[in-house]
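Residue numbers (my numbering), protein chains in the order written: chain U, 1 to 279; chain Y, 1 to 295.
Please note: incorrect hints may appear among the correct ones.
As the list claims (entries may be wrong) - With a straight-line cut-off of 25 Å between C-alpha atoms, the simulated DSS-like cross-links for lysine-lysine are:
(1) Y:Lys98 to U:Lys266
(2) Y:Lys285 to U:Lys7
(3) U:Lys110 to Y:Lys236
(4) U:Lys6 to Y:Lys99
(5) Y:Lys236 to U:Lys9
(6) U:Lys9 to Y:Lys10
(7) U:Lys266 to U:Lys195
(8) Y:Lys61 to U:Lys110
(9) U:Lys108 to Y:Lys9
(10) U:Lys108 to Y:Lys10
(11) U:Lys9 to Y:Lys65
(12) Y:Lys236 to U:Lys225
To be verified - Here are a few chain Y residues that sit away from chain U, every Cβ distance over 10 Å (derived from the structure):
(13) Ile138
(14) Leu225
(15) Lys236
FYI, nobody ran anything at the bench for these hints, they're computed from the structure. In this text, all values refer to a predicted model and were calculated from it rather than measured experimentally. Glycine is no exception: its CB is placed at the ideal position from the N, C-alpha and C atoms.
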Amino acid sequence: MGSRKKKDKAASIAMIILFSVLAILIVLPVFTLFIASFKPGGDLLQYGLNLDLKLERMSLDNYVLLFTGNHDYWRWFLNSIVLTVLTVFCTLFVSAFVGYGFAVYDFKGKNFLFIIVLIILSIPLEVVMLPLYKQISGWGDNYAAIILPFMAHASTIFFFRQYLFGIPQSILEAGRIDGATEFGIFFRLIIPVMKPAFAAMAILNGMNAWNNYLWPLLVIRSSSKYTLTLGLNTLINPYGDNYSLLIVGSFFSIVPIFILFVCFQKYFVEGMTAGAVKG
Amino acid sequence: MLKRFFYSKKIAPYIFVLPFIITVLLFWAAPISNGILLSFQDILKDQWVGTQNYERLLSDKIFLKAIFNSVKYMLGTLILLIPFPLLFASLLNSKLMKKPGLFKSAYFIPALTSVVVAGTVFRLMFGEAAGSLANQVIGFFGFSPIKWLKNAETSYFILLLVACWRWTGVNILYFLAGLQSIPSELYEAAAIDGASKWQQFTKISIPLVKPTSVYVLTISIYAGLSMFLESYMLFKGNNSPNNIGLTIVGYLYRQGIEKRAMGYACAVGCILLLIIMAVNLIQLKLTGAFGKEEK
C-alpha cells in the first residue's frame, strides 16, 4: 500500500510539472507582449519580440502615449465597446426568441428548419463572405451591416434550445391557465429563468464581437468607424510612434476581456463547451 | 381578430422562428445562390462564361497551391489538436490532479486574444533579427538566425504553432466537458477488475468521449480548410513569398477583393462550399443526426 501511495505521489508531481510547463508556454507570448509594452517601439522593429529585461531601456512612455497621446486608439476602443454591446444585446434577444420556438413547440417543418440550423452551424463565414459583402455593400459601412446578418446566430440558437429543453412544461401550462399569451409567457416567465444561459452566451458572443476582424475588415471603410482590431492593424506599418502604440494597445485590448474572464470564468467555459458534449 | 391569429398556439411558433427563417433566406440562401450564379460569370466584362471560371481554376497552379496549403494546414491541426488535448484533458481529469482549475484558466487565455494580436505577437517573436525570441532560442543551441517567415517549412511550423497556441486550451476544455459526463463508477469498476490507467483511457475514455471527438474533429476540419486571418496577420497581408502562406480563402480574398474578379473568386468559394458540405454530410451520417431528428 505504501509503494502505491508513493507511486501516486510521483505521478501527481510529474503531472504538475507537465502542466506547469504547458501553462508557461501558453502564457509566454502574452508575457513577451507585456514586457514589450515597456520598451520603445523602435526596439521592437529592430529586434522583434523577446524576453530581454533591459531595465535602462524600459519605461512607462508607451503607457503615457496610450493615455495622453494624439491618436485614435480610444475612438477604436469606444467603437468596439459600442459594437460589442449592440451585438450581444441583439444576438441574445433574437436567438433566445428563436431558440424558444424550437424548444417548446411542435410545428410543421420544425425538423427541416432545425437541420438548416445544423447546416449553417457548419458553414464558415469565409465561404459566403464575398456574395454577402456584395449584397450588403449598398447599406454603407455601418454597424447594422455587421450585426444584422448574424443576429439569429445558429450556435446561440442551438445553445438556448438545449437549455430550454430543461424548462418544465408546467410553467408554460400555468402561464396559459393564467391567460398569458404565448409571447407573454416567453417575455415574463421564460426570460427571467434564462439568466445563466444569457450570461454564458453574452460572454461568448461578446468575446467574439470584441475580437471580430474578418467581417468588419470587409464592411467598414471609414476610419472613424474602425474597431480595435481594424485600428490596431493600421499600426503594423512602422511610421512614427506606430509600433509603440501597436504593442501597448494590443496588450491593453486584452485587458477588458481578461477582467471579465477572471470574474465570470464559469460562464466562459460553459458557453465555450456547450456544443461539444451533446454534439 | 388579427391579434388573436398571431397569438394563437398554431401561429406563435412560426413567429418565434421567423427571425431565423428571414436570416436564412436573406443572409445565407441569397448570397449562396448569388455566389453560384456569379461563379458562372465574368464580372469585369459583365458576361456569362459558362464553366470557364472552373476550368481555369483547375489548371491554376496558384489555386492548387492554395488548396495544398489549406489541406496541409488542416491535417497538421488535426494531428496536433485532437490527441494531445484529449490526453491532457484526461490527465487533468484524474483524481491525482489536485488543483486543475488554475491550469485550466491559464490555458484559456489565448482564446481571449484576437487573431490580430496573436498574429502580430507571433510575427514579432519569429522576427528575422538575431534578437527575436525564436532566434535567441535557436542561438542558444548554436544555430544562426533564421528568416522564419520566408521559407515554406518554418512558416508551416509557425502557422501550426499559432493554431496550437490558440486552440490547445479550448480543446482541452471541450474534452474535459466530455470526460466529466462519463460516470466515475465505470472507472472504479474497471480499476477493481485490475485495468491499468492506460487501459481505462483507451477502453473507457476514448470510446465514451466520441461525440466530443467528432465535434472537435469537424470544427477543426472547417476551421482548418477556411483558415485565412492567421496567415494574413503573420505575413502582414495577403502576399507571402512564393505564396507559402496562401490558403483557399486567401486566394478568394485576393481574387474577389484585391483584383475585383468577383466571378472567379465566387468559383473558389463554391469549391470550398462543396468540400465543406461533403464533410458535413459525412459527419451527419456518422453521428446519425438525420435519424435523431426524425424520431
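> Which earlier hints can't be squared with this structure?
Replying inline: Checked against the structure, the hints that fail are numbers 2, 3, 5, 6, 8, 11, 14 and 15, while the rest are satisfied.
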